[in-house]
Every structure is written in structure tokens, then in C-alpha cells.
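Asks: Residue strings, one per chain:
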Amino acid sequence: MRVAILRFPGSNCEPDAYRAVAREGGTPYYLFHRDTDLQDADAVILPGGFSYGDYLRAGAIARFSPIMPAVERHAADGKPVLGICNGFQILCESGLLPGALERNAGLKYLSRPVDVRIERVDTPFTAHYRKGDVIRIPIGHGDGRFTAAPETLAELEQQGQVVLRYVERPKVDAPGNPNGALNDIAGIANRDGNVVGMMPHPERLADPLLGSEVGRRFFSSLVQWKRPALVSHA
Amino acid sequence: MTIATPAAAAQPYPGDPALTPELVREHKLNDREYAEIVGMLKRPPTVTELGVFSALWSEHCSYKHTKPVLKTFPTSGPQVVQGPGENAGVLRLPDGWAVAFKIESHNHPSAVEPYQGAATGVGGILRDVFTMGARPVAVLNSLRFGPLDDPRNRYLFAGAVKGVGDYGNCVGVPTLGGEVTFAPGYSGNPLVNAMCVGILRETDLIRAKAHGVGNILMAVGARTGRDGIHGASFASEDLSEASEARRPQVQVGDPFTEKLLLEASLELITSGTIVAIQDMGAAGLTSSSAEMAARGGVGVELDTSKVPLREAGMTPYEILLSESQERMLVVVEPHRIPEVQAICAKWELGATPIGRVTDDGLFRVVHNGITVAAIPGQSLVEDVPLYYPEKAESPAAVARRSATPSAAPATDTAGALLRLLDDPTIASKRWVFEQYDSTVQANTVLGPGGDAGVLLVEGTNFGLAVTVDCPNRYVALDPYQGGMMTVAEAARNVACTGAVPLGITNCLNFGNPDRPEVFFQFAEAVRGMSDACRAFGTPVTGGNVSLYNESPIGAVDPTPTVGMVGLLADVTTRIPSAFQRPGDLVAILGTTTGHLGGSMYWWLIRDFLGGPPPPCDLAAERQLQRFLAAAAAERLLHSAHDCADGGLAVAAAEACIGEPYTSQPLGAGIHLEQPAGISPEGLLYGEDGARAVVSFAPDDVDRVRALARELGVPLAVAGSVTGPGTALRITVGSQTLAWETTELRRTYLEAIPRRMSA
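Order-wise, the sequence lines are chains E and H. Residues in the first sequence are numbered consecutively from 1, following the working numbering. Residues in the second sequence are numbered consecutively from 235, following the working numbering.
Keep in mind the hints are simulated off the structure, nothing from the lab. Every value quoted in this text rests on a predicted model; they were computed, and no experiment measured them. For every residue, glycine included, the Cβ atom is placed at its ideal position computed from N, Cα and C. Take these hints with a grain of salt, some might be off.
[Stated by the list, open to error] Computed, partial: chain H to chain E, Cβ under 7 Å:
hint : residue
1    : TRP331
2    : GLY399
3    : GLY406
4    : VAL486
5    : PHE490
6    : HIS569
7    : ARG570
8    : ASP671
9    : SER672
10   : THR673
11   : ALA676
12   : LEU690
13   : VAL805
14   : THR807
[Claimed, not checked] Derived list of chain H stretches under chain E, where covered just means 3 residues or more per stretch with a C-beta under 8 Å from a C-beta of chain E:
hint : stretch
15   : 661-669
16   : 677-686
17   : 884-897
Could you put together the complete structure from these sequences and hints?
Replies: Set out below in C-alpha cells:
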């Protein structure tokens, strides 16, 4: 599984994604924002960070990078694309995913663990989880409040495009939804399920030496992913 | 004065003001210093040269008051790769790895513009580390403000925290720890100290030493603007009403450019393309070029008209003294200029030749063909006049140390714990550190909120424990004991994770050194820190001195912040701070004498800040460190937490309260023997050093006891951990105190948010 990991100016989580893919036996490699060819990628990861310093709006400048038309073609071919944090923001800005990520409801950057429930296990990134699994993984973002027009939101729910949802556990000090995201949405897929964006960082808990590796299966799912006949989730 | 033949000629730049005594004074140069300048040049300086001397001979750059004292720090050891004098210190790690680290202050800028002041403080310390060839893997910070009931202090606190967060988050370096302290002495003069830790292959180490006559100096990174001119001299005077007017001297940070500069610099270094590199930090181009030349024993010639500018019409004086951020000076062999420019272009950065290395030893500046400065370079950097200030402890300090509280002892011994946990200095700093990314880079093993942060060194199975500490109350009451205790607390925090302390960096924040009582504090604190560093085998690898931390309300508490790194040979043996399993036994390590002098208990409950601080027993501290490391290596302990502010009761409460996002606190039942002559308050809230609260499986009790006996650490098995939702019960003699741990946790977590939303 060849996994292209994109580097935009200001990306800072690309080494983390690289390690997570390599650990599962995949073949990660970096592509630069100025590249125009994905070099036979089976999958693409847009990593976290602050592309272009989040200037103007998170992801707003990176979406115009020379590499993005190739990512759009790759996605249109039904091949896997994962955007984590800033990568999710870029995917929304580029129109590969619906909706937008706005300033956190608390108006502050938030770095903390969150509990998220896996809502879909038929994407290339969640196949190794069980539906309903709740995992605790970190977030680190200032602009993670998922929002969409009411009709878009309704469609996302109807089509089962919500992949991850923040959940509250009993007696936790902080609310389950850290940023005010509509419908507690932490991650979504496109209609075909091959493009996924998520705010939490599974790659940050994917190493047994760190004490928890609950995020590993996003990457083991991907590396062992066999492209099925495409089905709609209507 | 008769003027001999000038050493080298320089001319005024058109438009320079006349050289008058007033102008010299405005440059913070006294008569003695001015005379030394004229003697060195054998002519009066040009205005440009006056600016250069003003910057390099400021306290901030020259250490002219403190150098003789700083020389007494122990700086050597088998683990030292690079001691003081470089951009950062470097210690050796296993398998060819090394750690570069340093702490620095950004106090004065943060006092007038907290957001940018703190942000650029982080930016500067990151650059100090990556210019050594190290990739930054952690930042920590030590922040001090006045009490939060004052809206100005809330503004400074919130602004500084946001500044630290926004900068570090964007660059992508996790914040693994820190400390925040609130005390009246910091109103008006907050302290913002930032530390960075980086990892490198020892073979990639590069030093900021210019050499090779004919080599080219290049400016890399951001353009030069008018921001921050005279920042170094601003940092070298007391804060006053007029300081607000210094706001334009605060630099503005751009973390996005910093991230690009980081990647470009590491690529320049690891590819072997450059000879030397230094951050244009305090005093900008002037200090970076002059210091690199002096270290290499060569001269430099700068052509300031070649420096890429943000705005037209800047004079050489302004260009030399600008502190615009995110700029580097690199030394390059001429034939490699295109390679340097290609690497920089990849990262969207400019790289412009602006000067060369010369053989005449002069620091020469040319602008549009006019030589505006020509100063003997070595003398400029090294012949700064030194001062040996008088030192004498103030009678008031002596009296305060021997005083005792006049108010009657409190009757509500149990309620005191809640008061202590509600104090912002003791309370959880979750409000702070959840604004800092603590998990980026995917190497965080123990994040903020515990005794020390622990990170995995990527590609290995060892880890580093990192902490910053300063018990400033103790230093204020007894600078020698407090200085020792500062190092001891840092080492204890590192040791509680199971790591072996390796070395320190320090940031010495004091008042005006011309006041004998301030210089006494400085010299005594350094003596105490040195003794502790020698006892622990943890050399000083560098740091920073910040003097003149005085505002109209007086000097800050003397605050010699220590940043320490320790090594965990196997990162999976790390010990968390909080209790982990109901049924585990709880033991108290160390000796409790019930020492309340200088304690938070006396301050908060009996409204008395004084008495002798706890004496620092270096041998006992060393034994405790050894025990914790050995116990970790044998995987004997499930938790370890040191006793500091608020003593044993606060340590036990914190161990119950648990990690910042745990769902439910655990309880504990602890029985304390009450020796004759020790009050319940002293047992619970006394702040004797060299102690920790640990927990372990009941089956391991014999092994734990044997290890403690072998290493000479007093150990008292005092109780056990109880289940989620149960109370913390502490029995003192015949009296049992109990607290609902959910209430302890709520109090502890809400103390700061409650005040910040007031």
C-alpha cells in the first residue's frame, strides 16, 4: 500500500502519519505541495498542522496548492483520502468533503483527549474497528467546530456519512463535545466513503511505547484495505 | 582627553544626530563605559557604533554584572557535549544521540505586550535550539504573575498563555510541562521564561563560530523591519510608568515563518552546506555577527545596504539593532551560496549575502559605501567593563526569616486542604496547558499536569523527562537554601517519573543588581544552585540572566528558574504521578519534621509569609532520586509524586485527584504517626524536602522496603489506595480527617477557570 503524505508549508504532523503508516507495514512517502503527480499512490493522507499558518482561514490557502488537482482526481477514482485536523480543514475548503470547520465554541485552542465513537466501519480507515467502539484519542485545534447548512447536515446523517462522533462518558469533567461541533461530529466521509476527514489525531496514539495505541487501527485498516465494489450508503 | 591614532576609521551616516552626552546616556552607557569605548577606538564612536555598544554592552547581552558569579557554576561532566557560551547546552544520550536545551526569559516585553512578548519568547528559544542542529521536541514554560483578582494580572496571564500556545502550536512542538505561580511581587512585572528541548545526532552538532576568511555571511528568513530596536537595552532597565511607551520595541512573531525557518535550518545543517549559524535574537544582526566572529577569532564586514528590508529608508543603525523575528545569520563558503539559496527557496525563504569573514579582527559595517562602524571585534564582545556589585542581605529579610505567624493556629485543619487546592499556584493548570498542543510529534508519554513531562526519543526506546521549577518563596526567604531547593525540586520531579537527572539550564530572574540586597540574593542563589548541581552530578549547560525585574511596587521575588532534563533508559518504565489501582499500598518516602516556615499553609491559612524555608538536605535528595530511578527500572512503583507546595496533604490529594481528564478520582486511606512535638498542621502541610508519596502492589512491599533500606531512604507504608468515588482519609494520631475526592478534584480543577471567568 503506497501512501502519499502531503507536506504543505506549515504542516507539522506529517512525520507522525508517516510513522503510523510504516508501523503497519505500508509504504509511506512524502509529496510536496508543489508536486503535481501522486506517484502511483494507493492512498493519500493530508496531515495536521498549520498550512500557511492558518492565515486567512485554516486550509483556505493550501487548497490552491499544485498537488490538489491530483488529489481530487484520486478521490474521484474512489481511492482512499484521509485528512486529519488541518488536513480535514483543507478537504472541506477544497470541496472534497461537505461542511466547514469554524472557531471552537470556547474561542480557545484545545489540546486534550476526547472520547469518540466509531460510527462507520466500512471506510478504508475504520474497517478494523467495531461499530460503536469508543476510543480516547487527542485533539489539538482552534478551529474544529464542524458546521454545515441544515440540509447538508440532514443529508450527512441520512447517508450515514458521520464516521466519528464525540461522546460523553459519565462523570467526565469536560463535555464530550469539545468545540461545539454540530451533531457532535468529529469526522465525516464523502458519499462514497473513500474520503474521510477527522479532527482528532489517531496517529498520536499508535505506538506501543507511548502507553496507548488505540489509534493504530485507522492505519492498519488502510494498509490492509482492499478496494471493494463501490456501494452507496443510502 | 587626547586621542591617539584611531584603530580604524568610521564616519557618521548622513542624518545621524550629533554625539552628545545626552545621547550617550539615552543609550544606557555610563561615563566609565563611554571612556572605555573611546579608549578602545582611540576616537569618539559614531552614532552607529554607539548603538552597537549600547546593545552588546547591555546587561542582557554582556552579563557585565553577573559574569564573575556565573563562572562559579559547575559546568563539566562526562555527559556534557557543550556547556555555556553557545546558543544552547548539549548533553550526551545513549546510542549517538544528544539533547540540546536552554531556557530564556522574555519578561519585559511580556509586561507591556503579553501576547507578542510570550510568543516571541517561545520563538527565540526554539531558534536557540535548532541552530545547534537539534530538532525541537518539547517546550516548557515558567510563568509568574500577580494575583488573579486584579484584572490587569488576568489580562497579562491570559495574553501570555495564548501567546505561548499560538506560537508553539503552529510550529508543531509539544508543550510538555511548566509551572505557573501567582504572588503579589509579580504584579507589574510578570516573568515569562520559555525552555526548549531538542534532539540531535551528536555528529550533527554545529557551533555558532564563524571561520574561514572570505566566507560569506547570509541573512536567512524574514526581512528586517523597525520592530524591536533596542529590545536588549529595554530588557536591561527597571519597568516603570514609562515602559508602556516601549510597546513598539516589542517584536511581533510569525510562527509560520519560524516553522519554515526550522525546516530550512535543519536541512542546511544536516546536509553540511553551511559553516555556522546563529539566530538574530537580542540585538539582532549586531550580536549574532559580532558573537560568531569573536568565537571564531575572526573579523566580519557587514554591508547593511544589502540586508532585505520590510520598509525603505532604514538606516544602518536601525538595521543593526532591529530585533525582527525569524531571522538567521549563516556563514557559508562562497561556492555553496546557490545550494543555500535552493534549500531556502524550497522553504519559501530568502537567503541573501550581506557580508563576509575578514582577517583584520574588526567588526566593520559599511552602508552604501560608507564605513559607519569599525570596532575591534574581540574587544567589543569580550572587553565589556565588569561590575562587582556590593552584596548585603537586607535587615528586613533577616527579620522575615526569623519571624513566626502572629495569628492563632487555624481550627479547621481539614478545610485548609481545600483552601490550598483552590489557590491558583497549587491548583491544576489545566486551563493553561489545554491551550498548548502537548501531543504533536506523537512522542508524548507523560504530558503536562504531572511531576515532569516524559517524551520518547523517536527511533529509540529511551525517553527524556523534562521539568521547570522554582520555589520562589523559599529563595526570597533564604536565597542559599532556596537556590539548592530549586535544583532539588526539579531533580525530584524528574526522578518521580523514574528518570535519572542529567543536567540543568537556568534562567535567573532578579531585580536591580545595583541594590546590595538584590545582588546578595543573586550570589547566594547561585551558590546554592551550584552546590546542589555538584551534589547531584547535574552540570549547568547554559541559560540566561534577567535583571532589573522591578516595577514601581518593588523587585520581584528572586526567581532562579531551573530547567532540567533526565534520562529514562527504558521509556516504558515511566511512573505516573497519580494513584492508578485501588488496593495498592501507599508509602511516604523521606523524613517529615513538620517544617512550616515559608510554607503555603502559613501564607494562605495563617496569612504569614515568612520563617525559614525548609533546609535542603542534598544527601537525602540524592538518595531519594536514586531510589526512584532504581524502583522504576524494576517496575516496582505504580505512582510517585513529590511533596512540595502544601506538603504531604496536597501531594496525597493530587495523587487521588488523578490525571487531568480522568473520569473519576480514586480515594486513599493514610495513617500518619504523630511524633512528639509535631503538630497535625506540620505533618499534613509542612514542606520538608526530599519526600514523595508512592504507590505499589501489595505483593511488592518487601522488595520496595528492601530497596529503600539498601539506598538509605526512610520509607513508611502508610495506607492504601481505595476505589473510585471513595474519600481521602488521613489519620493523624487519633484524629481522622476525610475529604470527598470529587470535591477535591472540582476545587482543584476549577480554581483558575473560576477566576478567569470572573
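Asks: Which constraints among the numbered hints does this structure fail? Numbers only, ascending.
Replies: Per hint list: 1, 4, 6, 7 and 14 violated.
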